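Note that my numbering has the sequence shown beginning at -2, numbered continuously upward.
Some clues are possibly wrong.
[Claimed, not checked] For each label pair, taking beta carbons as the anchor points, the in silico distance ranges come out as:
no. : residue 1 : residue 2 : range
1   : 177       : 278       : 30 to 40 Å
2   : 116       : 177       : 18 to 28 Å
3   : 401       : 253       : 24 to 34 Å
4   : 307       : 115       : 21 to 31 Å
5   : 54        : 276       : 46 to 56 Å
Keep in mind the hints are simulated off the structure, nothing from the lab. Model, not experiment: these values are computed from the prediction. Ideal Cβ positions, reconstructed from N, Cα and C, are used throughout, including at glycine.
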Amino acid sequence: MSLHVSQQPVVRVVPAPLAKARRRARPGAALAVIALCNAMIQLDDPIVNIALPGMREGLGLSAVGASWVVNAYLLAFGGLLLLGGRAGDILGRRKVFLAGVGLFTAAAALRGLAPSGEFLVAVRVVQGVGAALAAPSGLALVLSMFAEGAPRKRAIAVCTAVGAVSTAGGLLLAGALTSLSSWRWVLYLDVPVGLAILLLAPFVIEETARNRGRFDLAGALVSALGAASLVYGLAQAAERPWSDPAVAGCVVAGAGLLVVFAVIERRAEQPIVVPRLFGDRDRVLAYAATLAVPGALIGTYFFLNQFFQGRHGWSALATACALLPLPVTMAATAGAAVRLERRIGAKRLMAAGAALLVAGNLWLARLGASDAYAADVLPALVLLGAGMACCVLPPTVLATSGLARDEAGAAAAVLNSLQSVGGSIGLAALVAVTTQTGGMAGGFVTGAAFAGFALLAAALLRQGPRGVS
-2 MSLHVSQQPV VRVVPAPLAK ARRRARPGAA LAVIALCNAM IQLDDPIVNI
48 ALPGMREGLG LSAVGASWVV NAYLLAFGGL LLLGGRAGDI LGRRKVFLAG
98 VGLFTAAAAL RGLAPSGEFL VAVRVVQGVG AALAAPSGLA LVLSMFAEGA
148 PRKRAIAVCT AVGAVSTAGG LLLAGALTSL SSWRWVLYLD VPVGLAILLL
198 APFVIEETAR NRGRFDLAGA LVSALGAASL VYGLAQAAER PWSDPAVAGC
248 VVAGAGLLVV FAVIERRAEQ PIVVPRLFGD RDRVLAYAAT LAVPGALIGT
298 YFFLNQFFQG RHGWSALATA CALLPLPVTM AATAGAAVRL ERRIGAKRLM
348 AAGAALLVAG NLWLARLGAS DAYAADVLPA LVLLGAGMAC CVLPPTVLAT
398 SGLARDEAGA AAAVLNSLQS VGGSIGLAAL VAVTTQTGGM AGGFVTGAAF
448 AGFALLAAAL LRQGPRGVS
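Turn these sequences into a full structure, and let the hints guide you.
See the structure below:
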């Protein structure tokens, strides 16, 4: 598959070392490296979930403690993504990308040595910081390398397919390592991938010109505190009733802080979130779908790992094999999603994907009454994989269309931030509902509700003529 690079002229003065870097830059190879980084970050969640039952036993984690192994990463990732995107614009996207990958890789090496749950959670926070630097810078580099339209859509599809294939392979390897050795070895899987990225990226990714400006530290701090407070309140609902002050107080405080963040950004001279990003109805609806979709999927890996290994006593390898249809289906349909988008438009494609996510979650909600894998799990995983492939492209294209090159970092940061915070809120809500109801069915119904919200956002999209619908 060929990829076409934007040839739009950009006039700017760059130092000699930067010009030399530009001459050796190769967009196709750069896309492969960035896609590998995205895959590494994406793979981290399922491999941690594969190892989670072993972590709970080895480190004595409670159900809520186990959810915080996942949530700590998501909170740091989602809370700092906006600052990470802004850092790439000011300091140079390749430089920030490499710094993030380095931090992520170092934390991945340390977590395998975790002597306690507290240490593991702390290292996961550091890993989330690294991902918050690497992810928006990587996406911003893709947006600046590939022209809006078909080239960018193909690049997004490549990243989606590489992430799904890597997830499938990582699940098998993680399952084998957990079954044959120890859950600790699984946590080292990111290390060789990160080292390979650090080795290759300087030779194939060009540095970008720096934008003059400063960091909006007040906005970044308030947004991080708001997201953390909101998710912490939801996580506490797993142990306490929703009327408990610790739950209601944190949720209300988190929502209030996010409102304060919006006010700060409107008044800031150099905001980390450009107000213009929210001036288009379709872009706002794309953001809403981006926030909702992770909550429709994150419970699948979290609950099914515990269901297969805890309830049925399956090995980690058998569990990984059982989950393979989801990423395999996602990888197989990523290319088809690009072709479908051209034929039926972004609105219908996103609506179809969200509907498949609703159906997949409701199918899994039947578990317990019947536990036959072929009838009760496999069809749901296929539905979820196809649904995710259809839900990745439209929001990304809609959210990044019609923007200037110097707005790529902010747009990428908003997208990544909403994905991460949406996943964290989704996991906390699913765990809370499952604990309150005493079964997984409530969690999967909640996942269907998240997908339903994305379906509503798709229904409200205009069938506009911007080349994306």
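Just pull the numbers of the violated hints for me, sorted ascending.
-> 1
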